[in-house]
Amino acid sequence: MAYVALIPLLPAIAFAVLTPLSRQMRNRVRWIGLVSVGGALALSLAAFAAVWPGGSEEATYRASLPIAQVGGVDLNLGILLDPVAAIMLLVVTVVGTCVQVYSLGYMHRDERVGWYFAVLSLFTAAMLALVLADNFLMLYMAWEVMGLCSYLLIGFWHEQEAPRKASQKAFLTTRVGDVGFAIGLALMYATVGSFEYDAVFAGVGQWAPGVATAVALLLLIGAMGKSAQVPLHVWLPDAMAGPTPASALIHAATMVAAGVYLVARALPIFEASGIALTITMIVGVTTALVGGVIAAVQHDIKKVLAYSTISQLGFMFVAIGAGGAIAGMFHLVTHAFFKSLLFLGAGVIIHAAHTQDMREMGGLSKHLPWTTWTFGAGALALAGIAPFSGFWSKDEILYALYKGEHYVVLALAAAAAFVTAFYVARLWFRVFTGPVQTDHLKEGHAEMIGPMVLLAGITATLGFSAPFFSEFLGHAGHWPDPLIAGGSTAVALGGLALGYWAYGRRTVVLNTRSLKERAGYAYDALAKKLYFDLTYEYFLIKPFMSVTESLYRFDVKAVDGVVNGAAKAWNGLTAVSARFDLAVVDGAVNGLAGSARAAGRTLRKIQVGRVQTYQRYILGAVVLLMVWIVVKGA
Amino acid sequence: MMQVGPSAFMALAAVLFSLGLYGAVARKSAVMVLMSLELMAVAVSLNMVALSRFVTPTEMTGQVFTIFTMVVSAAEIGLGLALVLAIYRQTRSIELTRMDTLKG
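First to last, the protein sequences are chains A and B.
So the first sequence is numbered by this note's numbering: it starts at 81 and just counts up by one.
So the second sequence is numbered by this note's numbering: it starts at 29 and just counts up by one.
Keep in mind that the hints were calculated from the coordinates and are not lab data.
Small disclaimer: the values here were computed from a predicted structure and weren't measured.
Incorrect hints may have been included.
Taking lysine-lysine pairs in the DSBU-like style, the calculated list, with each CA pair at most 30 Å apart, reads [claimed, not checked]:
(1) Lys-609/A - Lys-245/A
(2) Lys-685/A - Lys-56/B
(3) Lys-622/A - Lys-609/A
(4) Lys-685/A - Lys-131/B
In isolation and in its complexed conformation, chain A is listed as follows:
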């Protein structure tokens, strides 16, 4: 079973191989990323088979590698392969492989495609490590690496301003959550003295009152940042500035689900607290509603999907908060498949229509048949129509609420489901029906359509595994309750019908302006995303900027003044030294050279080059010599 460790290592190796290469070389061997993720997928299948049929403790595999000792306590890199981890492995590797194949077609014209695949591989490695971690510290490490990859991929086109800003926003916003996470881990370590899941959960009942709640809430803050829950959701819509396949993998299917995974993993702590579960539920249902209604007024197709993702993640939190962790995990799995399918479809649509604005699209169903059918499967799953997977998982969430007697939350969740169906219908009719507004509509490449067909197949069939999913995770499974299933289908159909009434009929088109006039203030509020960004801008970013501004001024005047003064003094000293050097040292050297040159200049005058002149010199010399001899001799 040691091969389990290879699952996250393979993509990590791909990253390590790709990174040091030159850009051209990296672009040429970009398939390394795909091969590594494909290998991880094969190993994940083997791991899944090894865990099968699940349901009991014997089915888990553990291994750990000590890396350090702190205060007598071991810190380990550990692997815990249990049914939950096995399922997550499959989700991550299947979606990861699909996205890598799709990206070969989507990104093939980009200059830095090799780097794109390298980061995608690193991300996959981190997500797989997070899933397999057997302690919170390793989970946190993988968590942060994913944050880095998310930052890199959102800002992939960093020549443009919007992606650059969006990547910073995403990094800083999730950082707010991560600080909470880190404090929670510190508190946990102070209480238990270990990060291992088993050690932490074993004594969770004996913790001092309030500690469990504090740890659970701090972990929840981390999860809210990563999973884009209100009020830390603002980064996810902006994250759509990155490449669409990366959005599909990171900002729809896997990374944003890590928060849900964290809460599900740390469930014993939340259960020990009790109140933390209720808060999780409240956060979740708020997010589900807020995300849904904002999605209903967005015009950018990717933003609609982004708010939809926020809303669906809210559903997962609701489920876990209501005691239906299995339902939450199941929704995570189904959502990962159908939402990545929708994002990949959106990528094809954006390539074909050359715009992301749905108002400029229309009638795509005639020209993009494959995209239409696969996108339709994903859209129906998102709306919650049987037999597509979203219906089954949403049904389980509503059932968990019903069984837990959270009737108010149930009503709110139903309302969110209604809005979900409405914006799905709005998107569908805007994009695929109506008049064609763009010329040269072209279907995507085969390597783009293939993964979408696979994901559509999974979306259409995965729902039927709902009862077995529970049993695999060690709980009693059940088929949908007729009352809940009927109610949720009615709600979804109602939402779709309203969407059709508003956007689907050719004769009466409810355009943005008329909706604006009817809804007035409420529409404005929604179109401005309920003022979340403006609030942050006004109360956090502006004061922060003014503080940094004054600090900057202090820096310029006081700190720089001292530094510049020292520099100036030193400058003066060196000037004196330079003058001495020039005058005395150089003077001596130049003087020597100058006198030699002057001597040469004088002496060369007698070297006239004429033989007869030299003869005259000789004659003169001989005469002088003879005179001297005569005088001396006499």
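Model the placement of chain B on the given structure of chain A, informed by the hints.
Quick look at chain B alone, frame taken from chain A:
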């Protein structure tokens, strides 16, 4: 009858040598300078022959040496003329005042 002693020969030789020296220093033409050099060599040879005849009449040292000198100066004049010809081919001139490429 006028006695012709060695001093008469030596005076003639001195006149010849002075003419040659003047020519070698003052003439512009390379050919004339060569001829002047010959004149100086002839003056020296005359001295040797005369002194040999008057100082050591029994030995022929001066005469023999003069034969050698004539041979050497014949070779020397051949070489000198060859040089003059080569220079003329290069510069189309045999004026010594123009030959100052060695000027420092």
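Indices of hints not satisfied (ascending): Hint check: nothing fails, all pass.
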